[in-house]
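K.L.:
Quick mapping for you: the protein sequence lines, in order, are chains A and B.
Under the working numbering, think of the first position of the first sequence as 1, with each following residue one higher.
Under the working numbering, think of the first position of the second sequence as 1, with each following residue one higher.
Please note that the accuracy of each hint is not assured.
[Claimed, not checked] Listed below are several chain A residues computed to face chain B (Cβ distance under 7 Å; list not exhaustive):
id, residue
1, His65
2, Ile101
3, Arg258
[To be verified] Simulated restraints on C-beta separations:
id, chain 1, residue 1, chain 2, residue 2, range
4, A, Arg320, B, Pro144, 19 to 27 Å
5, B, Gly51, A, Glu239, 51 to 59 Å
6, A, Ser135, B, Val329, 37 to 45 Å
7, B, Ala120, A, Glu141, 35 to 43 Å
[Unchecked claim] Here chain B is said to cover these stretches of chain A; the calculated rule only asks that three of the stretch's residues, wherever they fall, bring their Cβ under 8 Å from a Cβ of chain B:
id, region
8, 80–90
9, 172–178
10, 191–202
11, 234–245
FYI, nobody ran anything at the bench for these hints, they're computed from the structure.
The C-beta atom is built at its ideal place from N, Cα and C for all residues, glycine as well.
Protein chains: 2
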Amino acid sequence: MRRTRDRPPVMADVARMAGVSHQTVSRVLNDHPNVRAETRTRVMEAIDRLGYRRNLAARTLVTRHSRMLGVVSFDTTLYGPASTVYGIEQAARAAGYFISIVSLKSIDRAGVRDAIDYLADHGADGIVVVAPQRSAAAALEDLPPGMPAVAVEGGHAGEVPVVCVDQFTGARLATEHLLALGHRTVWHVSGPPDWLEAEGRVGGWRAALAAAGREAPEPLAGDWSPRSGYEAGRRLAREPDVTAVFVANDQMALGVLRALAEAGVRVPERISVVGFDDIPESAYFSPPLTTVRQDFGAVGRHSIELLLRQMAGGARGGERLVVPPELVVRSSAVRR
Amino acid sequence: MRRTRDRPPVMADVARMAGVSHQTVSRVLNDHPNVRAETRTRVMEAIDRLGYRRNLAARTLVTRHSRMLGVVSFDTTLYGPASTVYGIEQAARAAGYFISIVSLKSIDRAGVRDAIDYLADHGADGIVVVAPQRSAAAALEDLPPGMPAVAVEGGHAGEVPVVCVDQFTGARLATEHLLALGHRTVWHVSGPPDWLEAEGRVGGWRAALAAAGREAPEPLAGDWSPRSGYEAGRRLAREPDVTAVFVANDQMALGVLRALAEAGVRVPERISVVGFDDIPESAYFSPPLTTVRQDFGAVGRHSIELLLRQMAGGARGGERLVVPPELVVRSSAVRR
DNA sequence: GGAAGGGTTGTTAGCGCTAACAAGAGCGGG
DNA sequence: CCCGCTCTTGTTAGCGCTAACAACCCTTCC
């Protein structure tokens, strides 16, 4: 009797109680086909009675699979990343996988690489990198060889599959909506230039203007924060001929609305505003914000799908899964 | 030569290359004092050259410690939980621990218990439960015996230590601020009744009114969402004698502001509004919101501190660590 | 009746690591 | 000169699990 009383039960204890070998217990636990029904129930009873739970470290050691997936993300207090990670977590758990998160304060190549190493050290079977910045996407080049991975919003990330929302189309939709309302041109408050999403939105905006034969004013650069939107809004308020603005995210749009209100510029009467993201707050801005909805949950689900497929198949084709965005019309943009 | 070429190197490979035993490699990796400096560098060189990383599953198997901490949280897309989890993650990583997250769609006792079981199965050394609801706090009663745990916002969670923001004081601060501005009484839009935070805020609000000898109007119940705030705002707009409202979170305050604006009720001229949370958007509401700031980062850090202390000391005293809130004065509340 | 074959169970050998003990080297003191 | 000490290193025995193989049933078929 070597096992001390306070140690959790192990497979051998279950086996002894059920009068079988530990291997049979293992077979029951792993749903092997060739176990007699009666034996199975006897084992299950013993498991219940002892409160046995199998030691996953031992299992991982021998199978070389941890059933743990790693997620690297940037500032998970932001709505977009938080929602994406949430979607990933739900999808992974539904597939029987476990999620570990490394949330980076700032994204640079070294930081992302460290995070990936960290996850690899801990035995992650695969990794999802929420890599919205150019520098983060670059870090995907030094993934450990053979490590399955998926990039979310990761641009053309080498041979790593990518899941993303179609930023270009979303921005085009927003801009076309404003043009269709009779605005001669549309101004743009953009996100930080090294963000791929910001770039896509600038591209879609420009394309829509070009397609309509309108000239594009110089975009005002923001950093996603309401404060930067506010500053952009103050500048827009001073431009006499602005009638329509497409803002690259809802938080900045809030800042723009605030600055315009302070300057006595009425929205939507004098200037129409369209945002991007559809955060839960936007429907209650003053005025309620017309914006572009991103289905972050779908992004999360798709990224896990792609990752699991990669882990099963082995191959890592440079796939690209694009989630369509959707224009949500409220009252911040009206006919000119 | 049994080891196939594509398998990652193991300790024995390092040992062979460095001309020592695998145990010496282990000693180097674990910073044992009694290793000759020259041997240590030789081992380190071999590790570098082989790109060796130790197998944590094997280590966990023998040490019975995973250096992984589990976090159970409710809807991490909300600002509060997201920020708290972020703080927890940063603090844990700084302490050399790894974080796994289970994010619940809805909180009930069974869900929390399952999540805890899940984390325990995966070998978590300790668990932080972000348990803002009464039912979640109850689930802490069936923690696996001996599992170190900390509750965030968890009420009096049995013998589990608790870290929380002082909701009562925060609400009192907000209410006193409004009373000091000359308002006869203060209305309240509350959070869902089973949330401990909502309850604490109601308590602080009531206490401040009672201390000033004012009567408390019936609180309007919301569910934290902007929509519920909007509905409460519509009702408030119809009450002729309302001059001041304390709203239990900023998202609902946004809804209230929107409803009042639609009803033609000017804020702060006719009604003053104070929120709670200080989300990044609140400074740009119309008008900028006076609110109560919660230091979620501090909550995260403290919870990890308490958890680590518990893991080191063994004992689980029913400690309670309270983080003070701070009133942030902007322009949504003015002198009557 | 015996060979062949499938279903069910047990036995054995690791997975890669750390803890415990053992062993050898080097050194000072009686 | 040998005992006892410390410092350094090696050897051995698991941690709890799964994979591979072996062994034993019970059929079925010629």
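K.L.:
Would you mind marking each hint as holding or not holding in the structure?
P.N.:
Evaluation of the provided hints:
1. Below 7 Å, beta-carbon pairs count as interface contacts, and His65(A) has none with chain B, the closest being about 10 Å; its hint is therefore violated.
2. Below 7 Å, beta-carbon pairs count as interface contacts, and Ile101(A) has one with chain B at about 6 Å; its hint therefore holds.
3. Given the 7 Å rule on beta carbons, the hint for Arg258(A) holds: about 4 Å separates it from the nearest Cβ of chain B.
4. Look at Arg320(A) against Pro144(B): about 44 Å separates their beta carbons, and that is not inside 19 to 27 Å.
5. At about 57 Å, the CB distance of Gly51(B) to Glu239(A) agrees with the hint of 51 to 59 Å.
6. For the hinted restraint 37 to 45 Å between Ser135(A) and Val329(B), the CB-CB distance of approximately 39 Å keeps it satisfied.
7. The beta-carbon spacing between Ala120(B) and Glu141(A), approximately 37 Å, falls within the hinted interval of 35 to 43 Å.
8. By the rule of at least three residues with a Cβ nearer than 8 Å to a Cβ of chain B, the coverage given for the region 80–90 of chain A holds, with 6 such residues.
9. Using a Cβ-Cβ cut-off of 8 Å, 0 residues of the region 172–178 of chain A lie near chain B, which falls short of the minimum of three, so the contact claim is violated.
10. With 0 residues carrying a beta carbon less than 8 Å from a beta carbon of chain B, the region 191–202 of chain A misses the three-residue requirement, and the given coverage is violated.
11. Counting residues of the region 234–245 of chain A whose CB falls under 8 Å from any CB of chain B gives 0; the rule of at least 3 is not met.
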